[in-house]
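Chain B: place on chain A using the hints.
Here is what each chain is made of, one letter per residue.
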Amino acid sequence: MISLMINGERRKVDASPDMPLLWVLRDQLGLNFTRYGCGQGLCGACTILLDGEPVRACMTPVGELAGRRITTIHGLEGGVAKLVKAAWVELDVPQCGYCQAGQVLAATVLLRKNPKPSDADIDDALDGHLCRCGTYRRIRAAIHLAASRLGGAP
Amino acid sequence: MSRFDATALGRRDFLKVCGAAGLTLAAGSTAAAEPGEFVANAFVSIAADGQVTVTVKHLEMGQGVATGLPVLVAEELEVDPAAIQIAYAPADAKRYNNLFWGPSQGTGGSTATANSWEQLRKAGAGAREMLVEAAARRLKVDRAGLVALNGEVVHGASGRRIAYGDLVGDAAKLTPPDNPPLKAPADFRLIGRAGVKRSDSKAKTEGTAVYGGDIRLPGLVTALVARPPVFGAKLKDFDRRPALALAGVVAVVPISSGVAVVGTDFWSAHRGREALKVDWTTPANPPSTETIRRDWTALLDKPGLVARAQGEAEAALGRGSKRLSAVYETPYLAHAPMEPLNCVVKLSRDKCEIWTGCQFQTHDQAMAAKAAGLRPDQVDIHTLVAGGSFGRRANPASDYIVEGVEIAKAVGAPVRLMWTREDDIRGGYYRPMFLHGFEAALDAGGMPSAWRHRICGQSILDGGPFAAMIKDGIDFVSVEGAANLPYAIANLQVELHSPKLSVPVLWWRSVGSSHTAFATECFLDELAHAGGKDPLALRRALLADHPRHLAVLELAAAKSGWGEPLPPGKGRGLAVHESFNSFVAQVAEVTIGPKGEIKVDRVVCAVDCGIAVTPDVVKAQMEGGIAFGLSAALFGEITLKDGAAEQSNFHDYRCLRMSEMPKVEVHIMPSAAAPTGVGEPGVPPIAPAVCNAIFAATGKRVRKLPIGEKI
Numbered sequence: 001m002i003s004l005m006i007n008g009e010r011r012k013v014d015a016s017p018d019m020p021l022l023w024v025l026r027d028q029l030g031l032n033f034t035r036y037g038c039g040q041g042l043c044g045a046c047t048i049l050l051d052g053e054p055v056r057a058c059m060t061p062v063g064e065l066a067g068r069r070i071t072t073i074h075g076l077e078g079g080v081a082k083l084v085k086a087a088w089v090e091l092d093v094p095q096c097g098y099c100q101a102g103q104v105l106a107a108t109v110l111l112r113k114n115p116k117p118s119d120a121d122i123d124d125a126l127d128g129h130l131c132r133c134g135t136y137r138r139i140r141a142a143i144h145l146a147a148s149r150l151g152g153a154p
Numbered sequence: 001m002s003r004f005d006a007t008a009l010g011r012r013d014f015l016k017v018c019g020a021a022g023l024t025l026a027a028g029s030t031a032a033a034e035p036g037e038f039v040a041n042a043f044v045s046i047a048a049d050g051q052v053t054v055t056v057k058h059l060e061m062g063q064g065v066a067t068g069l070p071v072l073v074a075e076e077l078e079v080d081p082a083a084i085q086i087a088y089a090p091a092d093a094k095r096y097n098n099l100f101w102g103p104s105q106g107t108g109g110s111t112a113t114a115n116s117w118e119q120l121r122k123a124g125a126g127a128r129e130m131l132v133e134a135a136a137r138r139l140k141v142d143r144a145g146l147v148a149l150n151g152e153v154v155h156g157a158s159g160r161r162i163a164y165g166d167l168v169g170d171a172a173k174l175t176p177p178d179n180p181p182l183k184a185p186a187d188f189r190l191i192g193r194a195g196v197k198r199s200d201s202k203a204k205t206e207g208t209a210v211y212g213g214d215i216r217l218p219g220l221v222t223a224l225v226a227r228p229p230v231f232g233a234k235l236k237d238f239d240r241r242p243a244l245a246l247a248g249v250v251a252v253v254p255i256s257s258g259v260a261v262v263g264t265d266f267w268s269a270h271r272g273r274e275a276l277k278v279d280w281t282t283p284a285n286p287p288s289t290e291t292i293r294r295d296w297t298a299l300l301d302k303p304g305l306v307a308r309a310q311g312e313a314e315a316a317l318g319r320g321s322k323r324l325s326a327v328y329e330t331p332y333l334a335h336a337p338m339e340p341l342n343c344v345v346k347l348s349r350d351k352c353e354i355w356t357g358c359q360f361q362t363h364d365q366a367m368a369a370k371a372a373g374l375r376p377d378q379v380d381i382h383t384l385v386a387g388g389s390f391g392r393r394a395n396p397a398s399d400y401i402v403e404g405v406e407i408a409k410a411v412g413a414p415v416r417l418m419w420t421r422e423d424d425i426r427g428g429y430y431r432p433m434f435l436h437g438f439e440a441a442l443d444a445g446g447m448p449s450a451w452r453h454r455i456c457g458q459s460i461l462d463g464g465p466f467a468a469m470i471k472d473g474i475d476f477v478s479v480e481g482a483a484n485l486p487y488a489i490a491n492l493q494v495e496l497h498s499p500k501l502s503v504p505v506l507w508w509r510s511v512g513s514s515h516t517a518f519a520t521e522c523f524l525d526e527l528a529h530a531g532g533k534d535p536l537a538l539r540r541a542l543l544a545d546h547p548r549h550l551a552v553l554e555l556a557a558a559k560s561g562w563g564e565p566l567p568p569g570k571g572r573g574l575a576v577h578e579s580f581n582s583f584v585a586q587v588a589e590v591t592i593g594p595k596g597e598i599k600v601d602r603v604v605c606a607v608d609c610g611i612a613v614t615p616d617v618v619k620a621q622m623e624g625g626i627a628f629g630l631s632a633a634l635f636g637e638i639t640l641k642d643g644a645a646e647q648s649n650f651h652d653y654r655c656l657r658m659s660e661m662p663k664v665e666v667h668i669m670p671s672a673a674a675p676t677g678v679g680e681p682g683v684p685p686i687a688p689a690v691c692n693a694i695f696a697a698t699g700k701r702v703r704k705l706p707i708g709e710k711i
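Quick note, the sequences are listed as chains A and B, same order. Using the UniProt record's numbering, read the first sequence as starting at 1 and increasing by one per residue. Using the UniProt record's numbering, read the second sequence as starting at 1 and increasing by one per residue.
Don't read these hints as lab results, they were simulated from the structure. There could be a bad hint or two in this list.
DSSO-like cross-link-like pairs, simulated, lysine-lysine; straight-line CA separation at most 30 Å [said to hold, decoys possible]:
#	chain 1	residue 1	chain 2	residue 2
1	B	Lys-533	B	Lys-663
2	B	Lys-236	A	Lys-113
3	B	Lys-197	A	Lys-82
4	B	Lys-500	B	Lys-236
5	B	Lys-197	A	Lys-116
6	A	Lys-116	B	Lys-663
7	B	Lys-663	A	Lys-82
Same shape as in the complex, but just chain B:
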């Protein structure tokens, strides 16, 4: 059997490659069984030629679900994962929901492997049991004498063997078992083993993977949208004539987010948008970073809503032998995936089809239906791979999907909506800016005795469809990583202010932990130094009741050579953080140049994510998480001036480059626990580890991100 690339176009897929001239769509559906096919369940089907197809319900955006999820099936089905063909699931909340999210299909919160862990092993085992049963009946032998092995059912006593493909007709007539037996972990031959390769490397190396912007339909037009230059502004008036006068511009239509300029191709639409004249309203009090900082600094002096309280923090603050306070700040951040947002929408009287790297299928389906004036079941979503997302494509407003549908409706033709990089950087849905105000006290022995942490920043959940998840005014994603601080400090209080602003905000790879880990792990480092303690020793003392934190901390420290002397100008810093039920510790080593230039030389990372299903993908996610977090720590910053983002493209929204990438060593903790998050947990510790290393090298404390090129 030939290796199949997850991203290329499959047998069950609906696309036909028409030569080098691109893609044209043919009719068809991913749902129907082909003749002679054994559809074992929602995830596994086997064709008469033995080809196994695994349906992947999650978005492949680089994090490796198209590799790890089929491995869960292959382990139990006893097939070679490299021979599996992958189909991306249609939007179907009943069959393909995220089991951690209730009746909703989507990818996020580092849940893809964790929620699929039992489901996909059962899917593989169920198919296997049916094939074995079919073989037992065919051979008229006791099924106890049969084993499934490498795509065949083998009768040990006689040596007879039947390929899966020869059993599909019989197996299809059997009833799927409810609880097929699963392998004991000791018997795993794929899960947790080295050597499993990514399913998509070849297609992505050769450039043949299909992303949203690659879809071509007969009569397809391309749309760009002119959106308000200032957050909170609305469309007042526009003159479509200068745009329509240009060759290739076919329509200019107002939609709810702005004015869409529609062209025969991207370049025409782009030129049309430049020519378009639009008047926008001027919102009152448009926010600027400076005014936000001033207002929120004042808020930090006031008590917030209490997210966690133990002991008596206020009283204990006054009783310590040493008191410390500090304010930490993190900026707005754009996700800036390499593939700017896009989608293709084809609308007819009773159907809406959408092609995109879809991260929120059920929600996007409902929002698209609303925009189209259809029922959700009339919306088909064809999920493609995404060129990154980092949270941007999981948008409760379904912003780019709704835009695509509105334009398709207005122009009466299939539409490819494209966002430019400038649209992406200026378009909001940022990781919110946050201020963190700390007060702490040390006892006579230099140990923390009180910790008060006030967090101030916009709520992501507020005002959206998930607002019901806000409890007693506390948006848990604003305080995650802070309210569950693991350190044994007797008097501890975490408070939250959630001021409202017109800037749209969204989760960004590791969400709350992307800022809380920086603030808490740096401030704890301050307490260690103020109390005369080694940062590792202090954490060790405060984490006695948190063995998984402690274990990754010890592992990273040992592998990094923590405590060994470094030459002048170099420093080591560490951080440990739990996010998405995984535990990651990182030790960063930095060199400070003669003019204060910062070079991050090496990062040692230890991760406990339960069973690492595909260890090399886990390593890749730690490497990538470190790069993503470091990019933000060093350079990432959206600043606002009078309600508009001041950055627009990669020249002023700097991202980490090859020459700035440190050496990264990843160590995975052996574990028998069920898998937990991997895509995000590598991000939170890197900023504090680097800032703590800078302090170790220079004695200078970084309390505001980004750090910049120099200290």
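With the rest of the complex left out, here is chain A:
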């Protein structure tokens, strides 16, 4: 059994250590909010936070995660996250929606570290997150909108 800390809850899973976290979350724990897009760390749809840093769950073997703090979109909390999600809804960012949880997680981490990101900062932080619907302009606008409401407080 592997003991995981997911969204502040202790969860025990019976999984082979090489099983990617993505499939532990989805198929063993029923945490569907983390999505499969490519399985190779190329698209960002499966992004989760590991000790607060974005990682690709599809490439993260679960055996390495004992004692680490795992956060999915479902457990993404705090003032910055709230502002990011509100900006996303206000600007109607999503289309098909499949990539958006990953985008929101990446944007939240960006703003936690850098409350006034430039366009180049946003590109750096989110370029690994593909959106086939092409919501990039709205993602960028939503990050700036959330930043404008942060008042400089991370």
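Chain B only, in chain A's frame:
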């Protein structure tokens, strides 16, 4: 009333969320009325608490039908669209058919809003009239003195008001009117107005929207399919033992498309599929991109079937004062929606239930029935939202649905079929590769006097259930956007070659226009430069009889600053195209770096789609269409080597990234015409606009897509 998210699970839905551990299904149906409910018609019902439910018959795949269609109802029903609950329609060709498709339910061809335009306003108006009538009887007043307003019927003279919820019992007893009066456009308070929000933003931002791969059933197993590595190959033999030896692999079964490996979860099935040993047949003459190009280039020298002829193109080609010829090429393209294909199938002796982002309900229902050995009416399809599709889920072969049913039948358990990204990129059903051969002549004044366009590529309709739509050998989807070229050229001929290959092909967002717009709008640009004309001025002169083309062209040109000087290394290009009865013009501005690096800085887009029901959704679709088209124009390419796709995932099937997304400005033409397509028409003009801009900046003509990172 609380806002309801279209994608989350509704009161009338059949799913119950069971804590954070995921979803388990409960019995139930979307069809039955609840006690005390007023089911006004197939689309509108109102509960005793006033909750309005609108049934959406189309697939929400990002294009916004779960926002726009309820707005049509809300406009006439006089309710707040944000308070509407959405239910996705069951498969039912009688009640929920696409009115443009005859007796078939499905989403495609950018028809969702257009075919629903009158139907849903009537549905809202009909419910409203019944509520008003019920109130008139209750209050014993003339109904002329009553108005419906924000979920209530109000008696103006006395100020008395009755909430819709308090009228449902009485309204349910009335006969629905056949032709309820519809509002005049001047009275619209929602349609065409800014401020209507998407119904699904919250669920999709928070990740709670439910897609096909999220469905869990008791005893559910997960299946992946090993499919032939080469198009046209068939299963010869396989050894299931190495797969079955692995933990979590529960079955290995042959199906019509290959060999299914079934596991307790995705990872087990995936490992099982890797371990599986399969022998495939070797088809004769497997196609390679190089050989296709060579063969089809030769075909372009031969006359094809005539898709359009006016004047005498051949003779006029010889009479011009200047002659031009060019060959344009577009590659095979995968749809690559973010959500790879999947479906969940539960089969019993007399019933088949399917959960998926279904785009072709009636057709998929029939194909599933055939695979299951049942009647179509024994197949229930629960349509979920889709994580994109771009045409992939509207497949005449119902490929992934049939796979799911065949596996469920073989293993005797509910099955979740998953495609990996590699399956998606290598799996065919591509936008076909096309070659376009042009010959044209200019007269002494530099105006085009002859235009011959030979198109060569696989037919999408050929060999499938829609083959009857091929007329005199011409598959109209191969030539759309070319055979209806709007330019006034006296001698014009469009011809088609439709060679057959083993590569499965399919419509891809904007279908024929995805390649014909590129070829025709770039070649016209060549004619403009050869004739010493400004590309805008030439189009203007040739579009005098096409006011809607002309209007979007003028609007995009004006907003873009067309004609204003740009610094060296930058260029502007334009394109205009009609598709799905909408008209879109785009002006692209590019910067070429010192090493030829291409950066698309800005795109100005003008669209005439009739009445824009939800203008912000129209803008989003133009933004998204531009991103999708640009992705393909710059990077998109499936190449074949000995019958197999050479690409497999996003590292070699490159898609547009955040840093590559240009600034996009969308201008919507005011219109009183009925709504036309929106989901697709933003795509076709971007590739030619960018290529024409590259020419303006560099003098280099791009005649083959993708452009690549550098010029």
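Evaluation of the provided hints:
1. A hinted pair counts as satisfied when its Cα atoms are at most 30 Å apart, and Lys-533/B with Lys-663/B qualifies at roughly 28 Å.
2. Taken as a hint, the Lys-236/B and Lys-113/A pair is broken in the structure, with Cα atoms around 56 Å apart against an allowance of 30 Å.
3. About 19 Å separates the Cα atoms of Lys-197/B and Lys-82/A, which keeps this hinted pair within 30 Å; it holds.
4. Between the alpha carbons of Lys-500/B and Lys-236/B the distance comes to roughly 24 Å, so the proposed pair stays at or under 30 Å and holds.
5. This hinted pair checks out: Lys-197/B and Lys-116/A have alpha carbons roughly 27 Å apart, not beyond 30 Å.
6. Proposed proximity of Lys-116/A and Lys-663/B is supported: the alpha carbons are some 20 Å apart, at most 30 Å.
7. In summary, the hint linking Lys-663/B to Lys-82/A is supported, as the alpha carbons are separated by about 27 Å, within the 30 Å threshold.
When each numbered hint is compared with the structure, a violation occurs for hint 2 only.
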